[in-house]
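Given the sequences, and given the hints that come with them, work out the whole structure.
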Amino acid sequence: MIEMEDLAVLLERLCPMFVLLDRSGRMTRVGPTLQKLRPDQPMQGAKFLETFELLRPRSVATVPALMASSGAKLHLSLRDEPRTALKGLIVPLPGEHGAIVNLSFGISILDAVRDYALTSADFSGTDLAIELLYLVEAKSAAMEASRKLNLRLQGAMIAAEEQAYTDTLTGLKNRRAMDHILSRLLAGTTPFALMHLDLDYFKSVNDTLGHAAGDHVLQHVARVMVEETRGDDTVARIGGDEFVLIFNHLQERERLDSIARRLIDRLEEPIPFNGEECRISASVGTVLSTQFARPDASTLLHAADLALYAAKRAGRATHRFYESGQSSTSLEPLERAATPRSQEEAGAGQGGARNLAS
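Quick note on numbering: the sequence shown equals residues 0 to 357 in numbering that gives the first Met the number 0.
In short, the hints are calculated from the structure, not lab data.
Since the structure is predicted, the reported quantities are computational estimates derived from the model, not experimental observations.
Careful: at least some of the hints might be erroneous.
[Said to hold, decoys possible] Pair ranges (Cβ atoms, derived): (1) H179 <-> E80: 57 to 63 Å; (2) G230 <-> S76: 56 to 62 Å; (3) L168 <-> T118: 57 to 63 Å; (4) S76 <-> V135: 21 to 27 Å; (5) Q218 <-> L109: 28 to 34 Å; (6) A186 <-> A141: 41 to 47 Å.
[To be verified] In silico DSS-like cross-links for lysine-lysine, where the CA-CA straight-line distance does not exceed 25 Å: (7) K72 <-> K35; (8) K72 <-> K46; (9) K86 <-> K72; (10) K86 <-> K35; (11) K86 <-> K147; (12) K46 <-> K35.
C-beta atoms are modelled at their ideal positions from N, C-alpha and C, and glycine is treated no differently.
Pasting the structure below:
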């Protein structure tokens, strides 16, 4: 016959949540994992039914009834920690040696592992709980990997969408973005102003200093426009040297004229490039969304274009508003200026982008 001490050693290896009971219901040995649930309160020597509350079978309320319930599935919890649900099975020992109760966490194992910092070493090697823990860890790892992948994909989609709406040279919105913003504004009730700006004398920059200088000028123009507009305004490059600015909730002509004038003044300042000075200017045409009963994008853009060419016809470096009844037939063909005034003053033969109108 195996000695009780040897039995306890075996149980610690095979059933780390066991309880050895004597005939009075006192716990004479407790498995190491079970004791981890109460590290500061030794269970050995305590009464089983005073430590655990037996939930089912409800008929078991005394030690004799407990000893007589061999083979029955027990549902119980710690009396001072009811949320820790346990399952168990009691097997009487021969003679007067009491009984063995083998406990497990059942479906509450994940909570127990988290709450009591249990590891695989706290369970029997044949316990299915180990497999469950591995599955949970694998699922958690897969979900985390999936979450990170989704974040990367989302970031890539946002970046791709942002790139699709951005002019790569200047960092401004592009024509596609402008169309989208304009459609959204027209679908609502927000009044706005649309400003069409075209650079004067820009062609000479490319002709005399090359495309690198032209790119430098366009980037400078973009910075000026951003600095002279509000954060919620739209600044878009829609062509080589053409730009559209959209001002939400702005209809005052004086303010719009002031903005256009500041833009023109700043763009007429010399732009240094590789020891040379690039000189440009700008013509600006503006239309108000409230000038039309039912405006659409093409109507507004055409009206701003008419105002722009009225500004060019007036001598460039000017700003004009669209006026009702204005049409392309009322505009005389533009005479392209051969050189800006600064070039005439400088004299022929000097370097720099100072001749030819755009």
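For the pair we were handed, K72 and K35, check the Cα-Cα distance against 25 Å.
-> holds (23 Å)
Does K35 lie within 25 Å of K46 when you go C-alpha to C-alpha?
-> Roughly 18 Å between the alpha carbons, so the hint for K46 and K35 holds.
CB of Q218 to CB of L109, is that within 28 to 34 Å?
-> Violated - the Cβ-Cβ distance for Q218 and L109, about 57 Å, lies outside 28 to 34 Å.
Take the C-beta atom of H179 and the C-beta atom of E80, compute their distance, and say whether it sits inside 57 to 63 Å.
-> holds (59 Å)
Supplied distance hint 41 to 47 Å, evaluated on CB atoms of A186 and A141 | holds (43 Å)
K86 and K147: Cα distance at most 25 Å?
-> violated (38 Å)
Between S76 and V135, is the Cβ distance one that fits in 21 to 27 Å?
-> Cβ of S76 to Cβ of V135: about 22 Å, so the range 21 to 27 Å holds.
If you draw a straight line from the CA of K86 to the CA of K72, is it 25 Å or shorter?
-> Holds, at roughly 7 Å.
Holds or violated: are the alpha carbons of K86 and K35 at most 25 Å from each other?
-> holds (17 Å)
Restraint status (C-alpha distance of K72 to K46 at most 25 Å) | Status holds; Cα separation ~20 Å.
Note whether the CB distance of G230 and S76 lies within 56 to 62 Å or breaks it.
-> holds (60 Å)
Do the Cβ positions of L168 and T118 conform to the proposed distance bound of 57 to 63 Å?
-> Between L168 and T118, where Cβ atoms are some 58 Å apart, the hint holds.
In this structure, the earlier hints numbered 5 and 11 are contradicted, and the remaining ones agree with it.
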